[in-house]
Amino acid sequence: MSQHQVQAPELHGPTQRTTAALARFVDTTPSICPERAMLITESYKETEALPMVLRRAKALEKILAGMPIFIQDGELIVGNQASKPRSAPIFPEFSCKWVEAELDRLANRTADVFLISEETKAKLRQAFAYWDGKTTNEFAAAMMPPQALEAHNDVVYTVGNYFYNGVGHISVDYDKAISQGLSSVIAAARQALEALDYADAEQLKKRHFLEAVIIANQAVIDFAGRFATLASSMAADCADPIRRDELTEIARICRKVPAQPAETFHEAVQAFWFVHLVIQIESNGHSISPMRFDQYMEPYHARDKGRVLPEKAQELLDLLWIKFAELNKVRDENSTMAFAGYPMFMNLIVGGQKRDGSDATNDLSFMCLQAAANTKLYAPSLSIRIHEGTPAALYKKAGEISRLGMGYPAYYNDRVIIPALLARGLTREDARDYGIIGCVEPQVGGKTEGWHDAAFFNMGKVMELALNDGVDKRTGKQIGPKSGSLETFKTFDDVMASYKAQTAYFVRLMAAADNAVDMAHAIRCPLPFLSSLVDDCIAAGKSLQEGGAHYNFTGPQGVGVANAGDCLTAIKKLVFDDRLLTLAELRQALDSDFEGREDLRQMLLNRAPKYGNDDDYADAVAKEAARIYCEEVNRYVNPRGGRFQPGLYPASANVPLGSVVAATPDGRKAWSPLADGVSPISGCDTCGPTASVLSVAKLDHEIASNGTLLNQKFHPTALEGDQGLNNLKAVTETYFQNGGFHVQYNVISRETLLEAQAQPEAYKNLVVRVAGYSAFFTALDKSLQDDIIARTEQTF
Amino acid sequence: MNWKQRQHTFRLSDRDRPGPTGLVFDIQRFAVHDGGGIRTLVFLKGCPLRCQWCQNPESMFPGPEILRIPHNCISCVKCMTLCPQQAICYDGGGEIGIDRVRCDLCGDCVTSCYAGSMTIVGRYLTAGEVMEEVDRDRKFYAESGGGVTFSGGEPTAQPDFLLSCLRAAKARGLHTAVETCGHSPWETLAALRDVVDLFLCDIKHMDTARHRELTGMPNERILDNIARLSQAGSAVRLRLPLVPGANDSEANIVASAQFAAGLPTLEGFDILPYHRLGEAKWRQLGRVYPMHDVAPHTREDVLAKACLAGQHVGGVGIGG
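Here the protein sequences line up with chains A and B, keeping their order. Final position of the first sequence in my numbering is 796; the numbers increase by one with none missing. Final position of the second sequence in my numbering is 320; the numbers increase by one with none missing.
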């Protein structure tokens, strides 16, 4: 395919309005808002007689009608999630015991601080009293087999994300909501309702869902109406004639969208925002992803060309970017270790192919990249799709943004992802239309319930169990099958067989745990608004959570591929090939965490080949370790009728997952972090970035269709000048030609990070890409900061 | 076996394999400042010059050398117990020291040192073994317009080996560059011309007396070789390692730039700012670093001197 001649449009920097809004954002400390928790509790008390899906719709209606709203100075895009900018609402229906337990620590914990007043605490305690025994968490725990819950508690895997929170991880049909308006959704639900034959029990079941869709969508339209009223009254009180006109325009737009089809770019952005916002009020699942924003928004942008100055269009985008960053979510203290930096994982992707296979690049693709440069925030997570026809100009613009050191855009490979999705049963057009959810998970938006972040599977722990006959070194408990140990292995095949047996056993338990949580959401927390914007829920007359989506998956992630691979490689090479080491010596060294056996640790570290150095010996073993996990995951089916599909990425769970794993034969000390994603172990990729990406590309990325993640760090001098951009492109292209899935680049110096760690005040705006997302570096927990600093810096 | 794994053992007898074999002290992938695009840099050991600021002092001596990296040492003292020559023992200060006269480079300490503290610099490789490593990044060369660069030390000091490597690279269609100090017989350089796409020529000082003080050798042959290479049609980039107090005077910068401007095939003039990253290696080799007290230029200084050069020659760059 020839690269067609796409030129970058004229691009514009931030306006004064954008700069002022950014300054206000950075100066705002997140806080906790009690309003949603109070309103939903009140609503639930009123609706106990109703079916759950209707209760959810009525709760949303009450929240949207009762929550405080505001319009900030200079805002053109309006709509707030909670009572203050950056403040987080509370979702007691998913779980609230941890919130109650941690209320007094939220304001003074080490990462992701939230201010909270005594008054708020009191209101929340009062609300929480209602929820005892009523949450999805408690229901899921009751449904989970005890062994599955135990393995979760022992951190062999963790299903914590959806166990305690909403699911999120979705992209709705934004195009439909914007171009047809929510009125059309209501009309479709009405029509479906009228066609039901209530004498048929199956059809009778659909009634409540469709009624809930109507209530929820009307509630969103009314919510927009509240902003119209507020803007009108603010306009009436406004002395500044320019701002008065702006407020009047906001009022006009909010009366029109999202109810009616948007026509102008401003209307389309506002309609988008209301939809995107309310999804985050209905539930607290993160990774609500706008996906192919440049595709569904371009018609409005194109229509406005000539009527609206390009710098005004860019300003609307920049302001939207700040609104993205204002969305927030409070997590429990442990989870902030795995998800640090107030991330919402809202993935927005530009470029790639259209449904017919032609190149999709347009002016907005460039403007979205520019918005990231203008705002330098950690949200949204910006991504770019690369295919044979990606225009050189877009590649170059992406490289220029990568060079800014914010960790994005993340690059995705159409050549691997489209076939991977085809293999999962998507049509060719749907596969070409893919976007990314959250960190790295591909799917087609508006028709998929992917459950992408179903679990983190601790490959390091499984390796430990495989060498210890299923006994957990940390607790001394027998938690896995008796599959052999360093005392009993006779050949390397015995070691592999043990690793495989432990993997199979715990993947099976993990599937049971995931399915229990999945069913709990269907029963306790169906989401009518979200469902109404995903095919085929209205046609099927059931919510997403009950299996209403066209495509259904469950995607758990293996974490520590490099550790599992390097452990097996070390044993294979040093014990069985070279006979430098006996299993008994290894046992003794591991049991003492290498105390007094530093020489053996050095042997394991330096004499065994390591994944990440383009060494075929080590890479083949890592590939096999990954394949074993992936094939086990592929066996299972979820309650929504969809398949499990594996991923290999960690968010930043590699730190907490490592903290329960004893010393391992890759030379890793006990309780230290695992490797991140499919990246090599920190410090072990000593042959430079080309060797590193060639190694990683040897894994089978297509089978890991829930996504893989490679972090590659460069010193800024690596990317100087046009030659630097050219080299970055060459690394990306070669990785992708060889079968890589995703790569993201950190372009910062180690010194900068150390300095930022020492003087956080001076580096408040420093954004670092942490395994699949970007966060303010200074907001991260110290151990995570250390982990980032320790990652091999690729210089030359 | 990749370059990294070759470090685990050392055998002097590798030299005597059917060859030619050459002594290589490093192979670096993803080099981006040495000839354009993404390149693999092959460092050949041995150099006729003795530049005081040399950042690769392990490259000077044309034979293998034992070197100890103290911060890697875990004090297991296996090297001491194993050394058949008893060449490794505590020095007066309680540090592990090496008797370089006793050491016969048997390599036993290298094999036993898992921490990578005891090392021998230099491995005897065949051109085929070099190319095995170079081949690994061919896709990156193609995507970025890169290739392979032979550096040193002075690569032309091992002419037969260099030529066989370059021929192998050319047979693969790779872009080739040679980084040379220019101090070699003209015949050696002339023989390379057919298989070298770009010569990266260092120029240390335009005044021959000063050149001899700083590097141990005069500069006439060097300047003559560079001019002849260019006149014969070979592409040349000139590189001036800018060393404070040594060659950074206005007069020398102007003279260097003017010399460069007179080369008909000049592709660029690179100013390489002085840095101290090699100082520790002098110590590890048991030598004294002559420029210990010299502070690098500030960024502004380098820019000003680059501007000065730019008044006399086109294509001035900083850092290669």
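The set of hints was computed from the structure by calculation and includes no laboratory data. None of the values given here were measured: they were computed from a predicted structure. Among the hints, erroneous ones may be present.
[What the hints assert, rightly or not] Cut-off 25 Å, straight-line C-alpha distance, at most; resulting in silico cross-link-like pairs (SDA-like, lysine to any residue): (1) A:134 - A:698; (2) A:490 - A:501; (3) A:698 - B:37; (4) B:4 - A:134; (5) B:4 - A:624; (6) A:205 - A:490; (7) A:698 - B:135; (8) A:669 - B:138; (9) A:698 - B:13; (10) A:396 - B:4.
Comparing the hints with the structure gives:
{"no.": "1", "hint": "A:134 - A:698", "result": "violated (47 Å)"}
{"no.": "2", "hint": "A:490 - A:501", "result": "holds (16 Å)"}
{"no.": "3", "hint": "A:698 - B:37", "result": "holds (24 Å)"}
{"no.": "4", "hint": "B:4 - A:134", "result": "violated (59 Å)"}
{"no.": "5", "hint": "B:4 - A:624", "result": "holds (23 Å)"}
{"no.": "6", "hint": "A:205 - A:490", "result": "violated (59 Å)"}
{"no.": "7", "hint": "A:698 - B:135", "result": "holds (17 Å)"}
{"no.": "8", "hint": "A:669 - B:138", "result": "violated (37 Å)"}
{"no.": "9", "hint": "A:698 - B:13", "result": "violated (35 Å)"}
{"no.": "10", "hint": "A:396 - B:4", "result": "violated (34 Å)"}
In this structure, the earlier hints numbered 1, 4, 6, 8, 9 and 10 are contradicted, and the remaining ones agree with it.
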